[in-house]
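Using the sequences and the hints given, assemble the complete structure.
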Amino acid sequence: MVQHQSDNAQDAVVHSADYLDLYSRQIGAYGLELMSRLSQLQILICGVKGIGVETAKNVILAGPKQVVLYDPEPASIRDLQTNFYLTAEHVAQKTGRASACVNNLATLNPYVQVKVYTGALNSDIIKQFHVVVITSDMSREELTTINEICHSNSIKFIYGWTGGAVSSIFSDFGPSHIVTDPDGEPSRINVVQHISKTGVVTVVGNRHRLDDGDHVKFDELEDDLEKLNSVSMPDHPPSNVFQIKRMFGSSRGADGKSRSILLPDRFQLVDFPKLSADYSGSGMISQVKLPRSLNFRTFRESCVNPVTPEQFMGMAHMDMNKLLTSNRGAQLHFGRLALWRFCTMNNGNLPKLHDGQDAEQCVVFAKEIAQEHQAAESGSSLTVDSIDEDVIFNMALYAQAELPGFTAFVGGILAQECVKAAGKYMPLNQWLHHDALELITASPAPLTDKLLNDATQTRYDHQIAIFGREFQKRLSNQVWFLVGAGALGCEYIKEIALMGLGSGEKGYIHVTDMDRIEVSNLNRQFLFRRDNVGQSKSACATQAAFVMNNDLRFHTYEVAVGPDSEDVFDDEFWSSLDGVWNALDNVKARQYTDSMCVNFEKPLLESGTLGTKANCEIVVPFQTQSYSEQKEQEEDSIPMCTLRNFPHFTEHCIEWSRAQFSDWFSDIPSEFNSLVQNPDMFFKQLVKEGNSSVQLQSLRRLTVLLNEFKNGQLPSFQTAVKFACERFTEQFRDRINDLIYTFPQDYRKVDAESGADLGPFWTGEKRFPRSAEIDINNPLHIDFIAATSNLYAVIFNLPEVRDRDAVIAVVASQTIAPWKAPAKCNIQLEEGPPASPTDDSGEEETAELLALETSIRKLDLQKVPQLVPLEFEKDDDTNFHIDFITAGSNLRSWNYRIKEASRHTCKMIAGKIIPALATTTAMISGLVCLELYKVVLKLKSDQMSNANVNLAVNSFQSFAPLDAAKAKAQFDVIMCEEIKPVPDGFTVWDKVNIDVGDVTVDEFLAAVERIHFGVKIQLLFKKGITDSMISAGQGKALYNANIYLGAETKQRFASYRKRNLKSLYEELYGLLPSPKKRFVMLDAVVSDASGNSLVIPPIKYIFKL
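Under the numbering used here, the residues of the sequence shown are numbered 1 to 1105, in order.
Keep in mind that the hints were calculated from the coordinates and are not lab data. Warning: the hint list may mix true and false statements.
What the hints assert, rightly or not - The calculated DSS-like cross-link candidates involving lysine-lysine, where the alpha carbons are at most 27 Å apart (straight line), are: (1) Lys1077 <-> Lys1050; (2) Lys473 <-> Lys684; (3) Lys1076 <-> Lys1058; (4) Lys245 <-> Lys588; (5) Lys991 <-> Lys874; (6) Lys197 <-> Lys588; (7) Lys257 <-> Lys245; (8) Lys1104 <-> Lys1016; (9) Lys115 <-> Lys65; (10) Lys257 <-> Lys352; (11) Lys1022 <-> Lys1104; (12) Lys1050 <-> Lys968; (13) Lys980 <-> Lys1016; (14) Lys1036 <-> Lys1062; (15) Lys115 <-> Lys588; (16) Lys863 <-> Lys710; (17) Lys874 <-> Lys858; (18) Lys65 <-> Lys197; (19) Lys684 <-> Lys722; (20) Lys1022 <-> Lys1100; (21) Lys1050 <-> Lys1100; (22) Lys1050 <-> Lys1062; (23) Lys824 <-> Lys749.
To be verified - Ranges of calculated distance between the beta carbons of each label pair, as one might list FRET restraints: (24) Gln457 <-> Asn347: 21 to 31 Å; (25) Gly356 <-> Val953: 34 to 44 Å; (26) Asn347 <-> Asp449: 23 to 33 Å; (27) Asp805 <-> Asp667: 27 to 37 Å; (28) Ala851 <-> Val559: 42 to 52 Å; (29) Glu848 <-> Gly1091: 32 to 42 Å; (30) Gly356 <-> Asn993: 46 to 56 Å; (31) Glu505 <-> Ile1011: 36 to 46 Å; (32) Ser771 <-> Lys115: 50 to 60 Å; (33) Val559 <-> Gln866: 21 to 31 Å; (34) Thr198 <-> Ile1025: 54 to 64 Å.
Cβ coordinates follow ideal geometry from the N, Cα and C atoms, glycine included.
Here it is as structure tokens:
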């Protein structure tokens, strides 16, 4: 029997540095409160085949208190298709699945107890757990019994199954489950601009980003509205919470008709007390997430009536097209019920593989069940007009087979449901069926090809049963390039091992990742362990995969994919591939691999995650859009005037502190080194840097540093503390005092033209600040000075001093000059570059610039040592970087009366850490693997699926990829002519192939005219040069036929015509990355024989056979 332990190992370490480092990306999504609740959960997982081991892996990485495995069934060789921890040795020794996997699972997370239970699965055992997950092939009656025990004891019950190309998930969180945060998104905070008497709130900025039904609270309202400010008490919801309703206005379109439009900057407060007058004072308004109580149906009830009142479209399905055209969700539900009935009638056995008679019997059962539901009381049962016999038949025909893509998909969702048991995010409602039956129906293999030999079982039998032996051979001989071996990469490498991709004589998998393993990776990159920290990701990941499947053939690299590595990943490399698999975390690298796939006409599997959200995109040559054709959503940026002088959110203070780090500890030391190394070059470059104010500020800062090296002296740690105190004083006292001096608390805005009073200056997003004097008894002050001093020590090549008392002693000895009112003070009020100096100040600054330059040039800089510029590193908790960001941010928050931030929040924002979860990663990787099958099967793009998923709110959407955009004739308003594409309707995949060998420019121009519709090149240059690069003089042309060019330029281009094109290309754009390079991509501006402008695809100039 499994025993509960009285103490939890996590209790003592929940906030330790190691714990925070390990879980940093997960905490970014979950938060510490959920992590604390999660660490108390005890979870039972019944069934450790593919779905079971995936669920266990993801749950253990998440960090519950205990995970107990139950599966006494001995491992079989066919289990190796979906269970990545089973081996041939386990099969030979007939080891139970749970016992075979427990050791590997236990090493995933040292903070989680992982055990095996081998006794009877009875009520007493079940009641010991908070969550019970069933993934084994139990009958409907067995599931009903276990579910009723769970439901009546408030134990979360989760069920997952997959068979063939279908999966089913069920979730029951009991008669009353409290959700504290349904979506996990940060609460929206807005600055109040105006509140009308009737409760219409207008916020500062363009949009409030709230939805109908959201709740909000007020803070910092003044005067008569102060009574509406919310008051928070421990363990109680905030007071004065109001529901909101979005507001709409009207607008007339070009046709004169009135249209309703959303007013994004205002909303109506529901049940808001009417005010005596409008309000235009200060205030903040914050979204409040109120707890919600949910009630779930039992498994018995939900099998018959799975559709809840909230599901207005009926039984859900990811694919809206399947849902609308065939009610696919309901059909799959009847198929699942029919399979259970078949099991009941056949001693618990599923239909035999490929047995048409068994499959037909399931169709009969599905029809019987549908008739029973029709006969029941209206609204009490799921009904359909008719049973889709093909769907049920194909479900039954392959019900015994499991695909690793489905097990990863289901395992990711089940694990996320376990996390939801801790109270955050919305549990499933209550069923989720999914299918990829197009894998079976779109390209069916001959049945004889799918027959299995029980006497000689193989690890790929599940795949063979569905796709056939010829497909398995084709799969094993594929050559793919996996770019990235991080979280997604680890999941894909695991899937590669399970599928046997690239394991044949002609197959190969290339894997590259330039990164080394860090502790923070271990929470979701499950192929790595503690002793791998510091090692190559690509090497360790592939080594782990070899243990799963020693037939694999890998070539690993530690090279970033990009223009600089085209000598490694050359033309021959890209040409050899069958496809590319992106597992990257930045857009630039994704766009580069996408461009290579376009150039070499290779399919691309693209995916990404952000906390509980994920997406995947399938790119197929000549059928779909490329990745780069998709428009990236622009991030909201913070105006510089806000960061400099008027922060009003915590994020503003963190970003400001991060900017100071770069300025003080990276930019200035780098400038100092440039000056010391080559003064002439430095001053030549300085005149190009901004206006005289910017240049003067740079020289003043450098002069201060140079003074520390006069007469051969070197800085000491006391110097570092002095600099830290100066930074404190200038930023948190003097700059604030300057601002208050310029704009006193009673300062009012005045219209520049009319002189009319526009109201108080310090209102809305402008918060009246307060200044700080260094106080050695204030821990925050010492935090900042200690961190700043030690960063300066590193720059000066001095040893660190971690003794706070020693730092305090030096601070106490410092003499801080009193603040003096500035003679003039330029405060930037609006977004834009800093104001230019006046004529008088310009003359003064120019004189000071000259004086400082003269003074510096007199110094013997050869004796001045180099400084050590710092590169911001967020994941080293000993380097003072995050300590500085946190202290600096919170001091600035104190200045402006803004809520201070935790160290972890500062680390997440300043380090731009993307929240990442093992559950989301596993789920989306499973969907991508299903699409890989389609790519290898060469299905058409309309049978493939892109997906957008948010596990937090159970948003599952799949849809066909967009067709490749076709070029159309467009009117050019500058040239005042219609520009036609040649050929009409070409796409990003089309190219003008000029395969004429190594030729001159003239010969190339003639070849293009001869080969491509008689077009004449007017301008020729390297592909990828933008208009802005051309305007800046960086877009050198290989040929330019413009008759208006100057005589010298004309002569130059005339001489180019006789030059070898390849040599000229290298002269203008640099040497080719590899001697094996066979072609270059060119862009051209062209016209027809009459001079009419045309547009053509990029030119692929092939100069080497």
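Hints, one by one, checked against the model:
1. Lys1077 <-> Lys1050: violated, 31 Å
2. Lys473 <-> Lys684: violated, 65 Å
3. Lys1076 <-> Lys1058: Holds, at roughly 25 Å.
4. Lys245 <-> Lys588: violated, 40 Å
5. Lys991 <-> Lys874: Violated, at roughly 44 Å.
6. Lys197 <-> Lys588: Violated, at roughly 50 Å.
7. Lys257 <-> Lys245: holds, 25 Å
8. Lys1104 <-> Lys1016: holds, 24 Å
9. Lys115 <-> Lys65: holds, 11 Å
10. Lys257 <-> Lys352: violated, 63 Å
11. Lys1022 <-> Lys1104: holds, 18 Å
12. Lys1050 <-> Lys968: At roughly 33 Å apart (the allowed maximum being 27 Å), Lys968 and Lys1050 break the hint.
13. Lys980 <-> Lys1016: Within the cut-off at roughly 14 Å; holds.
14. Lys1036 <-> Lys1062: holds, 15 Å
15. Lys115 <-> Lys588: violated, 44 Å
16. Lys863 <-> Lys710: Holds - the C-alpha atoms of Lys710 and Lys863 are around 9 Å apart, at most 27 Å.
17. Lys874 <-> Lys858: violated, 40 Å
18. Lys65 <-> Lys197: violated, 52 Å
19. Lys684 <-> Lys722: Violated. Lys684 to Lys722 sits at ~32 Å, over the 27 Å cutoff.
20. Lys1022 <-> Lys1100: Judged against 27 Å, a Cα distance of about 11 Å means the pair holds.
21. Lys1050 <-> Lys1100: holds, 26 Å
22. Lys1050 <-> Lys1062: Roughly 21 Å separates the two Cα atoms, so the pair holds.
23. Lys824 <-> Lys749: holds, 19 Å
24. Gln457 <-> Asn347: 21 to 31 Å: Holds, since Gln457 and Asn347 (Cβ atoms, about 22 Å apart) stay within the stated range.
25. Gly356 <-> Val953: 34 to 44 Å: holds, 41 Å
26. Asn347 <-> Asp449: 23 to 33 Å: Since Asn347 and Asp449 have Cβ atoms about 30 Å apart, the given range 23 to 33 Å holds.
27. Asp805 <-> Asp667: 27 to 37 Å: Because 32 Å falls inside the window, the suggested range holds.
28. Ala851 <-> Val559: 42 to 52 Å: For Ala851 and Val559 the Cβ distance comes to about 50 Å; the hint holds.
29. Glu848 <-> Gly1091: 32 to 42 Å: Since the Cβ atoms of Glu848 and Gly1091 sit about 58 Å apart, the hinted range of 32 to 42 Å is violated.
30. Gly356 <-> Asn993: 46 to 56 Å: holds, 50 Å
31. Glu505 <-> Ile1011: 36 to 46 Å: holds, 39 Å
32. Ser771 <-> Lys115: 50 to 60 Å: The hinted range 50 to 60 Å holds for Ser771 and Lys115, with Cβ atoms some 58 Å apart.
33. Val559 <-> Gln866: 21 to 31 Å: The hinted range 21 to 31 Å holds for Val559 and Gln866, with Cβ atoms some 30 Å apart.
34. Thr198 <-> Ile1025: 54 to 64 Å: holds, 57 Å
The earlier numbered hints that this structure contradicts are 1, 2, 4, 5, 6, 10, 12, 15, 17, 18, 19 and 29.
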